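Residue-level listing of the chains:
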Amino acid sequence: MARNLGDIARRLNGQLDGDPTVEIHGLAGLFDARAGDLSFVGEVRYAPFVARSRASALIVGPEFTTAPNASIPLIRVAKPAAAFESLLDWFRPERPASPSGISPAAFVAASASIAPTACVHAHANIGDGAVVGDATIVHAGARIGSNVRIGRQCVLHANVVLQDHVRLGDRVVIHSGTVVGCDGFGYRPGKAGLEKLEHIGTVEIGDDVEIGACVTIDRARFGRTTIGRGTKIDNLVQIAHNVQIGEHCVIAAQTGISGSTTVGDGCVFGGQAATAGHVHIGRRVTAAARAGLTKDAPDGAVMFGIYAGPVREKRREEAALRKLPDLLKRVRELEKQLGIADSGGATEDG
Amino acid sequence: MARNLGDIARRLNGQLDGDPTVEIHGLAGLFDARAGDLSFVGEVRYAPFVARSRASALIVGPEFTTAPNASIPLIRVAKPAAAFESLLDWFRPERPASPSGISPAAFVAASASIAPTACVHAHANIGDGAVVGDATIVHAGARIGSNVRIGRQCVLHANVVLQDHVRLGDRVVIHSGTVVGCDGFGYRPGKAGLEKLEHIGTVEIGDDVEIGACVTIDRARFGRTTIGRGTKIDNLVQIAHNVQIGEHCVIAAQTGISGSTTVGDGCVFGGQAATAGHVHIGRRVTAAARAGLTKDAPDGAVMFGIYAGPVREKRREEAALRKLPDLLKRVRELEKQLGIADSGGATEDG
Amino acid sequence: MARNLGDIARRLNGQLDGDPTVEIHGLAGLFDARAGDLSFVGEVRYAPFVARSRASALIVGPEFTTAPNASIPLIRVAKPAAAFESLLDWFRPERPASPSGISPAAFVAASASIAPTACVHAHANIGDGAVVGDATIVHAGARIGSNVRIGRQCVLHANVVLQDHVRLGDRVVIHSGTVVGCDGFGYRPGKAGLEKLEHIGTVEIGDDVEIGACVTIDRARFGRTTIGRGTKIDNLVQIAHNVQIGEHCVIAAQTGISGSTTVGDGCVFGGQAATAGHVHIGRRVTAAARAGLTKDAPDGAVMFGIYAGPVREKRREEAALRKLPDLLKRVRELEKQLGIADSGGATEDG
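Chains as they are written, first to last, in this note's numbering: chain A, 14 to 363; chain B, 14 to 363; chain C, 14 to 363.
This is chain A alone, in the form it adopts within the complex (with noise of 0.2 Å):
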């Protein structure tokens, strides 16, 4: 999969400075380089680490100057990281591909329907009635349950779960580890102690979304927990049950959404972000990571903070206790000005 920086050169139609017979064998960052990899230089505030860099050949901008004696090939252009990004499908290792049928060693219901066109791989498991759309690949290890239904050219990595009942729409991406359709947490007291709330509920999970490895999304107690179409959700995430994802939301890792809550359309969450339970997030919110909506926010609010509030009251108050220290010395020499005895609760002041 070798190419050599000439050719390199002649794709990206840029200027080489260096020997065009160097050969490159894969793309990196200019901090994880290593002898045969081509890198680039995207924002002036790297050229200090190029000198660091283990990269054989960097693509840069015009305005870009190395040391003198540095020798590391160059190949010029007007915007290197689109330059680089241009390359990464010439660059890519071959993925074998997913040969339809199913694995002898797979195990199907027989009241399971699978297109004829899906790829079910080797100790996957499919249980009683469910669906499996045209070009949809199950791989090893994943248990899709009773009644489960699929779309068209869906993924399911290996180890997925998806529990009885579940529904994908087309296109839906889901990595490894990851359980769809679990039971949502829900006990009552009880004489001999907590009773759990059946939930006869499930998921339904929209087109085009993706998500994560290692995932946990649980059924409704009744109706559906639903997650809109084009929403992304990275690793690690929790969603409750009975929980509203709107469309083309972003979800990034490790965030709890709590039960019963609803996210509008195009909200943005940070990572270990979190909702309270049965809270309503507007459309367009934004979510700083670690923000914790503990109430109601409207379209286009911008949460930040544990327990969140709007950014810019949050980032007052926390500007504020950054001088809080410094204030209770100030407050002390007022006091003391004024004759006030000092309290005892300042004494360890500083």
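A portion of the hints provided could be inaccurate.
What the hints assert, rightly or not - Quick partial rundown of chain A residues pointing at chain B, CB under 8 Å, derived from the structure:
1. 78
2. 190
3. 192
4. 269
5. 271
6. 275
For the record, the hints were derived by calculation from the structure and aren't laboratory data.
Note that this is a predicted model, so its numbers are computed, not measured.
Every residue, glycine too, gets a C-beta built ideally from N, C-alpha and C.
With chain A held as given, fit chains B and C onto it using these hints.
Quick look at chains B and C alone, frame taken from chain A:
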């Protein structure tokens, strides 16, 4: 599985305002209901959302009124939420009964002992000397390590992993992707780097415990990590080595309990909460969502805050923090009145 | 596996106060010990808990004293904790040796290369062109993608997933449910919604790395996500695409490292910590539990706080925050003395 409104109203002893032949296919909440669903209005504050609901009919209280032109059929009862809940069983989708016996596509070690009424599904894997009790179900892809002991009427969902020597009581339910009995996280500095501390202990889980999906429970360094009878654990929770969780606790999603910590009976943890290691949490302690319990907590304590304290105290701090930007201004004003020069640290106030 | 107290005392060169024929079946901590267990009192502050322990015997230091009426047998040694630890090996339950060879119930692609001394268990699944080194064990239900390379003496626990092209060094241990090499979380706005950024890179994991259960490590967009030699990662950790983790780091449970961040050698992250994306963490940096590293951190920094800063500074802020409700009152008092009207914002003080 469709029921008509007339039959439903009769079953509920309710008064039907609408067409008794309307067919209902499922139950759902106001927000996620679709055509064919029956929903309910449990509290007056939800009434404004009725206009936006797509439910085909509603169960409502005696005092409920809709807009004059509304045409949605209503069933009036004294207690709408309870009436709705009483229908769950009637609408529950049929679950295929688990047949007893061992799937020919399962792998069961010759020395394992499986009760004749137990069910072991395809691609489940049961190790040497493991014991599986009466009417217990081991779903597809679950791995039961060697010498594991599982009681009666347990359910191990698809792809659960129980490592060697783990013990489960009766009626324990473990959801998919959960791993019980992995090694604890312990190392000591050695000559060539960190050396692993061997974990020769195990995990014991009491009767009637339910554990969510993608939960990790580490085995003890020695002795046992224990989860007490009747405790319920949500998805993506981490329980470290040598932790002792009491009976009838409730631990919400994404919480982490650090090594060697003990948690008394009847404690409740909100989502994304945590404890430090080696702390002792009393009985009936409540940890709010995201509470970080860094110290011991006495029986009955209600803990709040990232570095948690008693809820009353921490809420006062949180309220005070919201006034801090204003306080900075007020102190500057006082300093001005007293002729004290503004300190450098205050120049960015507000 | 029972040993009697006389034998144990002799092995430890300890002095036995009690019946040498008492049989010991296991080792346990003071809090979780049961009848038949031997425990120890490592520090004097644990002595008060002895009365509540159910251990059958204790290893104690020379100065240890019990209540006069206590009848628990004691073994006195100079260093109780070390003596107790020296017994771990003796009491370790036997683990069945992994036979070498490929289970007939495993699926191994014809083009994969499995060392003759490696062991591939039932329902494991190994893709085209994968290479598995000497004495490596692939447990039940693990999926090894195509062209993955695994070194010697590695252990891949049940249901681990390594996606295509991932590379592991020697002696790497990965616990159950962990997914290495899933796609990074990257999209760009397109006409019909978010468009997926292809991730053509991979993940490389150095020698002697250990990774806990249900961890997710994303493949690089290009180049490689790397985990340096000797690093240890706890359960439920998220490592995003293009992250570079150095050597001999320790990353506790539920931590998240965001995309393209670099972490130097010898760093330590407490539980539920996090970094922002594209930040550079130096060598030997300590991030306290829950620390959120939003900016670059220099070598040796000790970082603390949700939006983390140097520990000294952040602890002062935290301490000051506890005095804030009192400070509000003090400022109101000052204002009163100077005849300044109380501002509206202060009316809810305390």
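Hint check results:
About 37 Å separates the beta-carbon of residue 78/A from the nearest beta-carbon of chain B, more than 8 Å, and the hint is not met. A least Cβ separation of about 6 Å between residue 190/A and chain B falls short of the 8 Å threshold, and the interface hint therefore holds. For residue 192/A, the shortest C-beta to C-beta distance to chain B is roughly 4 Å, which falls under 8 Å, so the interface hint holds. Taken as an interface hint, residue 269/A checks out: its beta carbon lies about 5 Å from the nearest beta carbon of chain B, inside 8 Å.
The criterion of a C-beta within 8 Å of any C-beta in chain B is met by residue 271/A, whose closest approach is roughly 6 Å, and the hint holds. Among the interface hints, the one on residue 275/A holds; its C-beta lies about 6 Å from the nearest C-beta in chain B, closer than the 8 Å criterion.
The structure fails to meet hint 1 from the earlier list, while all remaining hints are met.
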